[in-house]
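The listed protein sequences correspond, in order, to chains D and S. Residues 0 to 402, numbered by numbering that gives the first Met the number 0, are exactly what the first sequence covers, in order. Residues 0 to 402, numbered by numbering that gives the first Met the number 0, are exactly what the second sequence covers, in order.
The hints are simulated quantities; they were obtained by calculation from the structure and are not laboratory data. You may find that some hints are simply not true.
The list cannot tell twin chains apart, which means a pair is met if one copy fits it or any two copies do.
[As the list claims (entries may be wrong)] Taking lysine to aspartate or glutamate and the DMTMM-like style, the derived pairs with C-alpha atoms no more than 25 Å apart in a straight line are:
(1) K7 x D265
(2) K28 x E63
(3) K386 x E295
(4) K7 x D95
(5) K27 x E63
(6) K57 x D95
(7) K27 x D217
(8) K49 x D62
Single-letter residue listing:
2 protein chains.
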Amino acid sequence: MPIAEQVKNALSSSSMIRRMFEEGIQLKKIHGADNVFDFSLGNPDIDPPKTFHDVFVKLAQEDERGSHGYMPNAGYQYVREILAKKVSREQNVNIDGSHIVMAAGAAGGLNTVFRTICNPGDEIIVTRPFFMEYRAYAANMNAKLVEVDALENFNPDINAIANALSEKTAAVLINSPNNPTGKIYPSSVLDALSSLLTEHGKKTGRFPYLVSDEPYRDIAYTCDVPPVLSCYSESIVVSSYSKSLSLPGERIGYIAVSPLISDRDDLVNGLIYCTRVLGFVNAPALMQRIVASLTEERVDVSIYARRREAFIKILNEAGIEYINPEGAFYLFCKAPAKRKGRNEKRVNEIDDKAFTEHLKKFLILGVPGSSFGKPGWLRFAYCVDEKIISASGNAFKTAMENW
Amino acid sequence: MPIAEQVKNALSSSSMIRRMFEEGIQLKKIHGADNVFDFSLGNPDIDPPKTFHDVFVKLAQEDERGSHGYMPNAGYQYVREILAKKVSREQNVNIDGSHIVMAAGAAGGLNTVFRTICNPGDEIIVTRPFFMEYRAYAANMNAKLVEVDALENFNPDINAIANALSEKTAAVLINSPNNPTGKIYPSSVLDALSSLLTEHGKKTGRFPYLVSDEPYRDIAYTCDVPPVLSCYSESIVVSSYSKSLSLPGERIGYIAVSPLISDRDDLVNGLIYCTRVLGFVNAPALMQRIVASLTEERVDVSIYARRREAFIKILNEAGIEYINPEGAFYLFCKAPAKRKGRNEKRVNEIDDKAFTEHLKKFLILGVPGSSFGKPGWLRFAYCVDEKIISASGNAFKTAMENW
Numbered sequence: 000m001p002i003a004e005q006v007k008n009a010l011s012s013s014s015m016i017r018r019m020f021e022e023g024i025q026l027k028k029i030h031g032a033d034n035v036f037d038f039s040l041g042n043p044d045i046d047p048p049k050t051f052h053d054v055f056v057k058l059a060q061e062d063e064r065g066s067h068g069y070m071p072n073a074g075y076q077y078v079r080e081i082l083a084k085k086v087s088r089e090q091n092v093n094i095d096g097s098h099i100v101m102a103a104g105a106a107g108g109l110n111t112v113f114r115t116i117c118n119p120g121d122e123i124i125v126t127r128p129f130f131m132e133y134r135a136y137a138a139n140m141n142a143k144l145v146e147v148d149a150l151e152n153f154n155p156d157i158n159a160i161a162n163a164l165s166e167k168t169a170a171v172l173i174n175s176p177n178n179p180t181g182k183i184y185p186s187s188v189l190d191a192l193s194s195l196l197t198e199h200g201k202k203t204g205r206f207p208y209l210v211s212d213e214p215y216r217d218i219a220y221t222c223d224v225p226p227v228l229s230c231y232s233e234s235i236v237v238s239s240y241s242k243s244l245s246l247p248g249e250r251i252g253y254i255a256v257s258p259l260i261s262d263r264d265d266l267v268n269g270l271i272y273c274t275r276v277l278g279f280v281n282a283p284a285l286m287q288r289i290v291a292s293l294t295e296e297r298v299d300v301s302i303y304a305r306r307r308e309a310f311i312k313i314l315n316e317a318g319i320e321y322i323n324p325e326g327a328f329y330l331f332c333k334a335p336a337k338r339k340g341r342n343e344k345r346v347n348e349i350d351d352k353a354f355t356e357h358l359k360k361f362l363i364l365g366v367p368g369s370s371f372g373k374p375g376w377l378r379f380a381y382c383v384d385e386k387i388i389s390a391s392g393n394a395f396k397t398a399m400e401n402w
Numbered sequence: 000m001p002i003a004e005q006v007k008n009a010l011s012s013s014s015m016i017r018r019m020f021e022e023g024i025q026l027k028k029i030h031g032a033d034n035v036f037d038f039s040l041g042n043p044d045i046d047p048p049k050t051f052h053d054v055f056v057k058l059a060q061e062d063e064r065g066s067h068g069y070m071p072n073a074g075y076q077y078v079r080e081i082l083a084k085k086v087s088r089e090q091n092v093n094i095d096g097s098h099i100v101m102a103a104g105a106a107g108g109l110n111t112v113f114r115t116i117c118n119p120g121d122e123i124i125v126t127r128p129f130f131m132e133y134r135a136y137a138a139n140m141n142a143k144l145v146e147v148d149a150l151e152n153f154n155p156d157i158n159a160i161a162n163a164l165s166e167k168t169a170a171v172l173i174n175s176p177n178n179p180t181g182k183i184y185p186s187s188v189l190d191a192l193s194s195l196l197t198e199h200g201k202k203t204g205r206f207p208y209l210v211s212d213e214p215y216r217d218i219a220y221t222c223d224v225p226p227v228l229s230c231y232s233e234s235i236v237v238s239s240y241s242k243s244l245s246l247p248g249e250r251i252g253y254i255a256v257s258p259l260i261s262d263r264d265d266l267v268n269g270l271i272y273c274t275r276v277l278g279f280v281n282a283p284a285l286m287q288r289i290v291a292s293l294t295e296e297r298v299d300v301s302i303y304a305r306r307r308e309a310f311i312k313i314l315n316e317a318g319i320e321y322i323n324p325e326g327a328f329y330l331f332c333k334a335p336a337k338r339k340g341r342n343e344k345r346v347n348e349i350d351d352k353a354f355t356e357h358l359k360k361f362l363i364l365g366v367p368g369s370s371f372g373k374p375g376w377l378r379f380a381y382c383v384d385e386k387i388i389s390a391s392g393n394a395f396k397t398a399m400e401n402w
């Protein structure tokens, strides 16, 4: 029987990131894992910190009675309290457990937030390029993702957001450090956003939420990631341990709300209710207990920093332009123009999809910028072994020579 | 700022089961855990089998590289293959891994199924009484739950379902062993349902899916639970390890589709896509690997059988009528009529909510039948320590004397 129309349509334009990831698995079977340069998926290859392993073994050995059972839908109260302290430090606020709802990763948290705050037909404004899953999350709630272009330096364009605001705006969604650009939004940008949304709220009576998707907060090279919760009263942070502890398959994260947020009881109760009825019920029990023991821990970011350098060197040598990433583990690159013939000058035919396909012939997997709303660019994830990165140098060079 | 209207409305009529569970936690703090007879939530108190612990410790000690990372959204391929064998045996079919999608528990699986098969405005038929969360799951997809009464013996009423079928019917949803009645639907009922849906499909061109929610399949006392997948081509089973391995907090389950199902590629790809974009991304990685090692395992059902006997004895002595449960771990009871005065005859004022409140004074927590679409009844979950069940005898008697 035919499935839902919206889902059927989505299947035909399914995630290029995931398609590349699954193609990569196939290519590795054929050519051997070391010979495929798979920079498609943000699937961290760094091990979780040693302390993760210790806590994991300890909890397994204890295997306390009832520890795999239900707890309140918001999560274990003691876990919420511990995370509130961590978030308070990071976000320069003073919140307690009642401001935290445990979530099944950031993807689960974002769906929960959108379900809680969006009436059908509401709008969520996002800056392009962006993680394309947001579009599907909004569609789940019959909300509309309103996409506005970033500035040339890939910071949000406050004027463009101002023009996009309407009485239907439920939220502005930001993501810093950014996927795919690696940009960290400076506090000046957050302040400007806060002023804009406050002014809009005063004018219309509806203060849009500022929803900050922050799974990469701990992966920062050039500066600390400025706080959001202390910057605007109606702000909500969604985060996860997928990157900071390398646990993306375990689906563990949280939602944190500003201490100044209005209608807080309704909002938090709504988040808890939506966690339940969207089918998450609660964030996985064991992982809640593990991350509560590891609030001071994170993966060794210096490894990503070294990889970033190694990858940049290769791109420089191959003559591919990129944005220097301040955080996360992506290099967002300009798809180079194609040469008409082997010795001709490059012409202005920038096609990120064609270039991605071209790279695949050399067993290099990236994701076209079109998949982030930014044609003409492409993304490489460098959360892979340095030896894969180094070994890709020749493939990149040959690919460029043949483009 | 105001949250979504639908969510705000839902908050005011929030889950009585969950409210009772959370009230129970408070009452236990005041009166001590042993003095509160908390039969509110289906939160299994039996430990997972010893083999669970062994596999858990083994996987923690090995903590294989990359084992907490992403895998394909459908789950690990080897886990899907193993579960396909288990489901093939249980459902009397021959399916492989491509018929299985790993899910974040049955609640996650049901949301995924409904999102995949329902266009907005579509209808899902369910037999009353039923697990009230279904209503919220349907609402998530803008589908409508069409509720029809069960027969007096609590089997589905095939005629009532026939009358409820329309061209908008996306699915008929069944749940056997049933929550709250403990009923196991006999194969004669499944056959009748299959004939009805086949006939309806031939007439209208739309064959409704038969969605079977089966988290209690392994908790059966009187007979094996008849298979569904071999009974009707357009059938989908959703199950979990919340009850069979006592892991409700870990959110691990799966979706299995009939080998004869039409448009299978679209359906399974749709299920995988919806697993991803609803924010589950994938079922928790570690638990996938654990349950794949435990397909022959289940909790010791004889413990539930003993508790069932103990609880029935208490209800008999207190003079409370009930349906003899064939599976699951619930006793569905008639709310007794109230006496006007201490020595007067009981009068016909049956109020399940008032009786539930009355029981709470004696520290007995149950859930009113109204919360399952069946006023005049109430549900007790007996997945609690036998000593709590035995100790509740006096409280039940006193409560009845004072009703």
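Outcome of the hint check:
no. : hint        : verdict
1   : K7 x D265   : between (35 Å within a copy, 7 Å between copies)
2   : K28 x E63   : between (41 Å within a copy, 20 Å between copies)
3   : K386 x E295 : neither (29 Å within a copy, 42 Å between copies)
4   : K7 x D95    : between (43 Å within a copy, 23 Å between copies)
5   : K27 x E63   : between (41 Å within a copy, 19 Å between copies)
6   : K57 x D95   : neither (27 Å within a copy, 36 Å between copies)
7   : K27 x D217  : neither (30 Å within a copy, 40 Å between copies)
8   : K49 x D62   : both (20 Å within a copy, 11 Å between copies)
Checked against the numbered hints listed earlier, the structure breaks hints 3, 6 and 7; every other hint is satisfied.
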